[in-house]
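Protein sequences appear in the order of chains A and B.
In terms of this note's numbering, the first sequence has 17 at position 17, counting the first letter as 1, and numbering is strictly consecutive.
In terms of this note's numbering, the second sequence has 2 at position 2, counting the first letter as 1, and numbering is strictly consecutive.
These are computed hints drawn from the structure, not numbers from a lab.
Any given hint could be a false lead.
25 Å max Cα-Cα, derived BS3-like pairs, lysine-lysine [what the hints assert, rightly or not]:
id, chain 1, residue 1, chain 2, residue 2
1, A, Lys42, B, Lys73
2, A, Lys57, A, Lys83
3, A, Lys42, B, Lys78
According to the in silico footprint, chain A covers these stretches of chain B (three or more CB under 8 Å from chain A) [what the hints assert, rightly or not]:
id, stretch
4, 40-52
5, 104-114
Have a look at the derived ranges for each label pair, beta carbon to beta carbon [what the hints assert, rightly or not]:
id, chain 1, residue 1, chain 2, residue 2, range
6, B, Ile110, A, Ser9, 21 to 31 Å
7, B, Gly85, A, Gly40, 16 to 26 Å
8, A, Glu104, B, Asp26, 18 to 28 Å
9, B, Glu17, A, Ser73, 40 to 50 Å
10, A, Thr13, B, Glu61, 34 to 44 Å
11, B, Gly85, A, Ile54, 30 to 40 Å
A quick note: this is a predicted structure, and the numbers were derived from the prediction, not measured.
Think of the CB as a built atom: it goes at the ideal place given N, C-alpha and C, for glycine as much as any other residue.
The residues making up each chain are set out below.
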Amino acid sequence: EPEVTQTPSHQVTQMGQEVILRCVPISNHLYFYWYRQILGQKVEFLVSFYNNEISEKSEIFDDQFSVERPDGSNFTLKIRSTKLEDSAMYFCASTGMRLSSYNEQFFGPGTRLTVL
Amino acid sequence: AQTVTQSQPEMSVQEAETVTLSCTYDTSESDYYLFWYKQPPSRQMILVIRQEAYKQQNATENRFSVNFQKAAKSFSLKISDSQLGDAAMYFCAYKGGTSYGKLTFGQGTILTVHP
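Turn these sequences into a full structure, and let the hints steer you where they fit.
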């Protein structure tokens, strides 16, 4: 069964460093999302992406964040200058083009980002 | 803005018993979708069950069923015949009727299953 994959599973970085989190969505999906979950808290929406453009972004998604689909398979989230409060689990999700009645989002296993 | 509230931070159940997790939401939209996601210790988000707001019939998936009360904006999850593998964090989530819109999650409920 197709699945969303994410790399790395765990990333440790120093404050102020740039990080790139990678996702490979399900191959025939065209809408992509990033969510984050600070430990012990709820999952929060960051950004959605379609047709090489941001469709929607939250207040969390400030100028330090960017997303890109550099090729036909990868979807990346870049944090330019990490802060301690960026430490969280980051989930990628994708959904298909089929106009289903529920537009289920399929989640990847997440990348745990630790900022020291 | 839409909000989702789960008022039970933790719940516990005996194996083989039934447990109900509560969720309420607030929205001004008439067309929307509701979901329950399970997050085991591995932290993978797994879709458990979904409900379309326009459907009056409550969704059921094997041992999982929902009680959807649209007027009360309530969406509870019932797990029957609880199993040890059901132990996880459960999130209620809302998605507006716009295709491919974002999910808005509740705070989550930690479910413990006792043998």
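- Which of the numbered hints are not met once you compare them with the structure shown? When the structure is compared with the hints, none of them turns out to be violated.
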